[in-house]
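**Q** Sequence:
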Amino acid sequence: MAAIFLAGCVASSGDSPSPSTSAGSYVNSGEQAPSSAARTATVTSPATARPAVAASTVPVAAQPEAPASEVAAVTAVGTPGSSGYRVGPLDMLNITVFKVPELSQTVQISESGKFSFPLIGEVQGAGLTVSEIERDVASKLGGNYVRNPQVTVLVKEYNSHRITVDGAVAKPGVFPMQGPVSLLQAIAMAGGAQEVSDGTILVFRRVDGKSSVAKFNLSDLRSQKVSDPDLRAGDIVTVPSSDVKVGLQYILRSLPLFNTFMML
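If you read the sequence shown in full-length UniProt numbering, its first letter stands for residue 1, the second for the next number, and so on.
Hints were generated in silico from the structure; no laboratory data involved. Any given hint could turn out to be false.
[Said to hold, decoys possible] Only pairs whose alpha carbons sit at most 30 Å apart, straight line, appear in this in silico DSS-like list of lysine-lysine: (1) 215 with 225; (2) 99 with 171; (3) 171 with 140; (4) 156 with 171; (5) 225 with 171; (6) 114 with 99; (7) 140 with 114.
No experiment lies behind these values; they were computed from the predicted model shown.
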């Protein structure tokens, strides 16, 4: 089942979608990753070495693929800044061992999904939540080196989760998600929409291997006529210029459009 997302914009109707003035409902569900309780740790040998949107699921039949350059083949795993976020390659972590400053440091997850930590060597990071990493590091340290270690892990940089902004923007490119990023924030990260833009914004996403697209109007977002939705890792934001109407109509005919912006 694929679900697609759109806040107050277009519902599919035949070949040409017609505008809709209704906006979706939004609630916050992201929470900061919990930190471990601070308790005294004693070294027994020298230390040398986180607004999702709630909506009903909309079934979508298999759709033709949009051009590869327009669609991100990425499925998000958790949302940066949320308690369920799973660390990925190239993410940066701040690891603190309470009252053992010589062990507290910043590490980066390697491409293989691991990081190196004093005394205990390589530790698996990718695919785990910060709470799981805390428990793993504490368990390994407590085995031979630190008595009752209290470990806190925080994500410093969400480098494994990125979004792409292209089209009629000042600085198109790929941007890391340093926490939740809304659609307007993504446009701002790319330097803003250029004058050649007609105000249309398309957000491409893949869900369960199927392509989805949402259409927004920049003026409606800025005036708060519709809510500014959060993006997901792997989303591609495209700001078409006013002279690409033919290509835009092809995309809108190829992929389904709905009036609910969904966060899966």
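**Q** Which constraints among the numbered hints does this structure fail? Numbers only, ascending.
**A** Of the numbered hints given earlier, those the structure breaks are 2 and 3, listed in rising order.
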